[in-house]
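Numbered per UniProt numbering, the sequence shown spans residues 1 to 254.
Don't take every hint at face value.
As the list claims (entries may be wrong) - Here are the simulated EDC-like pairs of lysine to aspartate or glutamate, each with C-alpha atoms no more than 20 Å apart in a straight line:
1. Lys223 <-> Asp189
2. Lys51 <-> Asp68
3. Lys76 <-> Asp46
4. Lys38 <-> Glu152
5. Lys226 <-> Asp189
6. Lys194 <-> Glu152
7. Lys161 <-> Glu202
8. Lys161 <-> Asp68
9. Lys177 <-> Glu157
Bear in mind the hints are in silico, worked out from the structure with no lab data behind them.
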Amino acid sequence: MIRTVIFLIFTAIIFSSGWATAFADPAQEIDIKEIVDKVDRILRSDTSVSKMEMSIETPNWKRTLTMDMWREGLDKTLIRVLGPAKDRGVATLRTGTEMWNFFPKINKVMKVPPSMMMSSWMGSDFTNDDLVKESSMTRDYDYRLIENPDTEHYYVELTPKADIPIVWGKIVITARKSDYIPIREEFYDEDGTKMRVMELKEIKPMGGRTVPTVIELIPLNKKNRKTTIRYLEAEFDAPLDKDVFTLRTLKKRI
Numbered sequence: 001m002i003r004t005v006i007f008l009i010f011t012a013i014i015f016s017s018g019w020a021t022a023f024a025d026p027a028q029e030i031d032i033k034e035i036v037d038k039v040d041r042i043l044r045s046d047t048s049v050s051k052m053e054m055s056i057e058t059p060n061w062k063r064t065l066t067m068d069m070w071r072e073g074l075d076k077t078l079i080r081v082l083g084p085a086k087d088r089g090v091a092t093l094r095t096g097t098e099m100w101n102f103f104p105k106i107n108k109v110m111k112v113p114p115s116m117m118m119s120s121w122m123g124s125d126f127t128n129d130d131l132v133k134e135s136s137m138t139r140d141y142d143y144r145l146i147e148n149p150d151t152e153h154y155y156v157e158l159t160p161k162a163d164i165p166i167v168w169g170k171i172v173i174t175a176r177k178s179d180y181i182p183i184r185e186e187f188y189d190e191d192g193t194k195m196r197v198m199e200l201k202e203i204k205p206m207g208g209r210t211v212p213t214v215i216e217l218i219p220l221n222k223k224n225r226k227t228t229i230r231y232l233e234a235e236f237d238a239p240l241d242k243d244v245f246t247l248r249t250l251k252k253r254i
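All chains should be modelled from the sequences, with the hints used to inform the complete structure.
Structural data, given as structure tokens:
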């Protein structure tokens, strides 16, 4: 998912137009950690089960995948492709720092080496790392408020902590002040160049929460490319079978 997904991934914060006054008065001071934590929790749960579509657009072709995803905590993910027919049954499992892919046509499980984590997943603009890694903003990043005259959104700059293996030099995220729901992420490399933009759209109730149900990823270093994930169903904090995140389940045929 995506997780980031990805599903992988969301927050933001900004000062209102009266930010200087707020900091002059400690009683009105914005607690950045509290806000970041609230944004972080919008798309996080102990477990989740979801069905989604992933549409991949390039200058030469377009295709759509349908898939199921199961998540538990920050380090367990299983993704299984349901369609189209030629990709049906392809699956990805991550537990801890290890990741495997299953290809039913050749009935083979292949472990993904660390060198391949930044490679494209199923031809999309999401990487293997994006699809299976879920980070915590309050645990894995340092954060600071960004001054902005916008009165409806928060903005925050996230920089990975020194001991955290995250590829981005920084991430700038935007969230609505009214409900802390993230709506945009900008990813920068270590040189400060903006590399991709993620838009979170179509915010509505799903699985007992109000969440973005569409995630659109646009790489800025590749022309006319875009990958869109659309959540069709989602259930949060549902009990999962203890055998879900195993190689045996990965190889299960559908």
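Hint consistency between Lys38 and Glu152 [alpha-carbon to alpha-carbon, up to 20 Å]: holds (16 Å)
Straight-line alpha-carbon gap Lys177 to Glu157, limit 20 Å: The hint holds at about 16 Å.
Pair hint Lys51 and Asp68, alpha-carbon separation not exceeding 20 Å: holds (5 Å)
Pairwise hint evaluation, Glu152 against Lys194, where the allowed Cα distance is 20 Å at most: violated (24 Å)
Hint consistency between Lys161 and Asp68 [alpha-carbon to alpha-carbon, up to 20 Å]: The given pair, whose Cα atoms are some 32 Å apart, is violated under the 20 Å limit.
Hint consistency between Lys76 and Asp46 [alpha-carbon to alpha-carbon, up to 20 Å]: holds (11 Å)
Proposed proximity, Glu202 with Lys161 (alpha carbon, max 20 Å): Roughly 32 Å separates the two Cα atoms, so the pair is violated.
Distance restraint between Lys226 and Asp189, which requires alpha-carbon spacing of 20 Å or less: holds (19 Å)
Distance restraint between Lys223 and Asp189, which requires alpha-carbon spacing of 20 Å or less: Holds: Lys223 and Asp189 sit about 18 Å apart, inside 20 Å.
When held up to the earlier numbered hints, the structure conflicts with 6, 7 and 8 and fits the remainder.
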